[in-house]
Amino acid sequence: MSRKIILITAFIVCFHALLNAQTFATRQLEYLNTLMPCNLPNSTAVFHCSQFSSLPLKVEYDTTGVVSHLGFSLFSDSLKTHALTKPLYDFQERLFLEVFLQSNETKARKLLQEYTIQWSDNSQMLGAGTFFNSLEHSLHLASSDSVEYVMTKDSLTWTSSWQSDTGNFVLRFPANYDLISGRDKKEAEIALAQQLQNFQCTGNTARPVVGNLGELQQLNRSNYVLRGEELFVKAMNSNVYFQVLYDRNYPEESIANLFNYPDRQRAKGLDLQIRQVAYGGEALTYNIKLSDFQCFIGDDYEVFTGIEKCTDTVAEFSVIYKSKWYNHYHLLYVTTTPQNLFGKTESLKAVFYTFIPNHNIKNLYKEYRKSGEFQEKLKK
3 MSRKIILITA FIVCFHALLN AQTFATRQLE YLNTLMPCNL PNSTAVFHCS
53 QFSSLPLKVE YDTTGVVSHL GFSLFSDSLK THALTKPLYD FQERLFLEVF
103 LQSNETKARK LLQEYTIQWS DNSQMLGAGT FFNSLEHSLH LASSDSVEYV
153 MTKDSLTWTS SWQSDTGNFV LRFPANYDLI SGRDKKEAEI ALAQQLQNFQ
203 CTGNTARPVV GNLGELQQLN RSNYVLRGEE LFVKAMNSNV YFQVLYDRNY
253 PEESIANLFN YPDRQRAKGL DLQIRQVAYG GEALTYNIKL SDFQCFIGDD
303 YEVFTGIEKC TDTVAEFSVI YKSKWYNHYH LLYVTTTPQN LFGKTESLKA
353 VFYTFIPNHN IKNLYKEYRK SGEFQEKLKK
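Each residue of the sequence shown is one higher than the one before, starting from 3 at the first, in the working numbering.
Simulated crosslink set (SDA-like; lysine to any residue; CA at most 25 Å straight-line): (1) LYS188 - ALA285; (2) LYS364 - VAL235; (3) LYS188 - ASN178; (4) LYS188 - VAL69; (5) LYS346 - VAL246; (6) LYS82 - ASP147; (7) LYS311 - LEU221.
Please keep in mind that the hints were generated in silico from the structure rather than gathered at the bench.
The task is simple: from the sequences and hints, build the whole structure.
Spelled out as structure tokens, the structure:
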């Protein structure tokens with residue numbers, strides 16, 4: 003009888019442990035949890051873990067009960083209302099937690115070096131043996147109500163600066179999506195594919211025309227072009243064509259307008275059949291409305307379109323999306339026909355490469371610049 007009671011008790015303990023087991027949105031969050039000397043609250047909360055710091059910590063759960071964020075509580079919820087900037091604030095909170103969870107100062111410094119992160123505090127000496135105390139002092143400054151905070155970005159780096167009457171604290175970190183999101187490339191690609199498959203646009207995708215309309219150049223009697231920026235070569239650009247917005251008699255200009263200057267009405271009835279090339283050579287395949295895809299991209303990317311081949315029977319072109327927030331590009335390579343493009347009879351077949359680092363985009367782009375017609379354009 004006693005053995006049965008022991009077995010039942012053990013079963014109940016295991017059952018409750020399974021019920022209370024936490025799941026994490028990324029492998030990095032799961033890893034950080036293994037380093038934590040304290041248990042996490044079971045719901046979104048600010049809490050303390052005095053075993054390694056006096057600073058308050060924060061854990062967030064998404065609507066499905068998955069841990070979506072873990073870090074020091076440095077930024078107010080009001081700063082995190084924008085979906086674009088929230089990952090930047092979350093990253094900094096998560097980064098400092100990871101640093102503090104290192105077993106010694108040497109490992110903590112090495113971690114910052116590996117991430118190519120610089121931080122400075124003009125009121126503290128960062129010498130040997132003072133690292134954690136100095137950093138905790140900086141974070142107390144950063145989390146105070148009276149501090150003035152500014153975050154800026156240059157071409158490759160984000161900089162956070164905290165300023166108060168008692169000190170100044172500056173953090174610089176590379177604008178790399180994998181670092182800031184806490185996702186490795188494969189996790190990021192899968193998450194993006196899931197988001198696209200579940201996304202439905204609720205607004206208009208029309209992108210404002212950037213440039214001075216007084217700089218329009220006349221191409222012929224009725225058509226004008228507002229030349230945009232170029233990427234790598236003249237043929238890959240953000241040009242917008244006027245009078246000819248979407249006309250089968252002007253397919254190349256129409257393709258450029260369709261992608262460089264997205265508009266939901268023009269894209270209506272056009273679908274993308276995407277094969278998203280993922281890390282390790284795997285591929286994810288899904289369909290999405292072109293207008294939804296462009297709405298998802300939004301104003302977060304600079305868009306450049308290059309026509310590689312356009313005949314009566316074939317239209318091949320590349321669309322490169324350059325992130326304004328991170329050091330990466332997306333590349334959409336579309337193969338279709340003018341009949342599909344203007345008759346909207348079939349989906350536009352596209353290969354989608356995502357999260358391409360800045361230094362790799364040129365090499366990948368070269369793979370799709372091999373047609374003779376496109377090479378002739380590159381010479382102009």
